[in-house]
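**Student:** Protein sequence lines correspond, in order, to chains A and B.
Each residue of the first sequence is one higher than the last, beginning at -13 in our numbering.
Each residue of the second sequence is one higher than the last, beginning at 29 in our numbering.
Treat the hints as calculated values from the structure; they're not laboratory data.
C-beta: ideal position from N, C-alpha, C; glycine also.
The reader is advised that the hints may include incorrect statements.
[Stated by the list, open to error] Where chain A lies over chain B, by a calculated footprint (3+ residues, C-beta under 8 Å):
| hint | region |
| --- | --- |
| 1 | 54 to 66 |
| 2 | 114 to 127 |
[Claimed, not checked] If you want the ones that stay clear, here's a sample from chain B, every Cβ over 12 Å from chain A, calculated:
| hint | residue |
| --- | --- |
| 3 | VAL84 |
| 4 | VAL106 |
| 5 | CYS107 |
| 6 | SER109 |
| 7 | LYS132 |
Residues per chain are reported as follows:
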Amino acid sequence: MNITRLRKGTQILTIILVILVPVLNKNGITMLMGSLYSFAVGPVWITDPLIGFQTVLTTMTADRTLLLSMVLPVVLALALGRVFCGWACPQNTISEFVDVAVMKFGLKRPFGKSTTAFPRYVILVAILIATPLLGLPLASLLSAPGIISVQVAKLIYEGTLGLELGLIAVIIFFELFLVRRGWCNYLCPVGSFLGIFRFKRTLKVLFSEDAVHVCGKCLACADACQLGLNPMEAGTYPQCHNCGSCISACEKMKADKRPLVFKF
Amino acid sequence: MSIRCTRERMNKNLLRPPGALPEREFIAACIRCGKCAQTCPYGSIRMASLLDGIAVMGTPVIQARKTPCYLCMRCPPVCPSGALKRSLKDKEQVRMGTAEVSRKTCLAWQDTLCRSCYDDCPLMGEAITMNTELRPVVNEKKCVGCGICENICPLEEPAIAVKPGSAR
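Next comes chain A alone, as it looks inside the complex (with noise of 0.2 Å):
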């Protein structure tokens, strides 16, 4: 199975839900409702693990049915890691073809300079303890895929769009000509918080020679890492989001051959 088709399906079904769900809902049919930030199919509530844990820190009460609801993606980052992001969340989606369009053009952009994860969890640390002070759910004013699927429902359902929308367009600017793929890579506090349910047996992009797998030094694997990472060092995670770009590159060139594999 071709890691980047399966891939993109998965990234054009999220977006085809963003946009089906509210027209149906508008209809009569809330089988599927939500928004990003909260999903339910049919009974089954599915919540942002952040989101969920912010409103517990703005309440200071746990709410039964929220905490349940952030089993599943809980879950499945133990399992898959930040899929989620790589796999599904809209605003990676955009930014992954701003990106391949900018390099198109060929606008030169650096990386951020760190490549640990540590800044992005100070951020995510200031965030929460802001969360509390401000009695405002701070992260779901932060939270791009969130804010996305919510305005295409509001422009379902009232033709207009919000403000909130602003947010995206600064990541899409900062992006474009700051820091490339700054959002997700370095800022973005849902993508932070879905990096800390990780643990062993986690998914992970896996980089092991053998007799037969030989690394051919051919870079490209870190060349299709949009997130700058090198695949071929330790060292990668949390930040990267199991996308499979490198695993993908690298069996363009190496095919069954290819020292970067999926694995728990």
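Once you've looked at the hints, dock chain B against the given chain A.
**Tutor:** Using the frame of chain A, we list chain B on its own:
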């Protein structure tokens, strides 16, 4: 700091959907997901914009004069965060606000025959009653604040309007 900051920005007098927590707690608990608006079959619930204040941006509001709440009670049970009390089922228990009659402008109080608000009140004969002179009077103990009266008032500037707020 926190309390002042939120209080300054919450005096917007926004009418919230049924089952909403008191305003300050509501602003803190609502995750801005829009599910209540999506489930509303009447399009009564809109998402507040930045123009209403950054603290309330994205929260659900009802503009009764445009589209009031018809008390179908579909929105409280879908709230993921509990900003709307999910257990609320009985429409008579709703406390979105209280209607107030402006006796200076109300047609009936100006001796013109009109009973629009009385006729359309979903708690007919309970929340709005007609006094012996056939003038509408709001029963504050019963009024749920749905805004149907405000919506139906035939005057250009409605003589009956809901004052938001669940605290009584």
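**Student:** Each hint should be assessed against the structure and marked as holding or not.
**Tutor:** Verification of the hints:
1. 54 to 66: Since three or more residues must qualify, the claim that chain A covers the region 54 to 66 of chain B holds, with 11 doing so at under 8 Å.
2. 114 to 127: With 1 residues closer than 8 Å to chain A, the region 114 to 127 of chain B misses the three-residue bar; violated.
3. VAL84: Incorrect as stated: the minimum Cβ-Cβ distance to chain A is 10 Å, not above 12 Å.
4. VAL106: Given that some Cβ of chain A is not farther than 12 Å from that of VAL106/B, nearest at about 7 Å, it is violated.
5. CYS107: Given that some Cβ of chain A is not farther than 12 Å from that of CYS107/B, nearest at about 9 Å, it is violated.
6. SER109: Non-interface label on SER109/B violated, nearest chain A Cβ at 5 Å vs cutoff 12 Å.
7. LYS132: Per Cβ check, LYS132/B is outside 12 Å of chain A; nearest 34 Å; holds.
The structure fails hints 2, 3, 4, 5, 6 (numbered hints given earlier, in ascending order).
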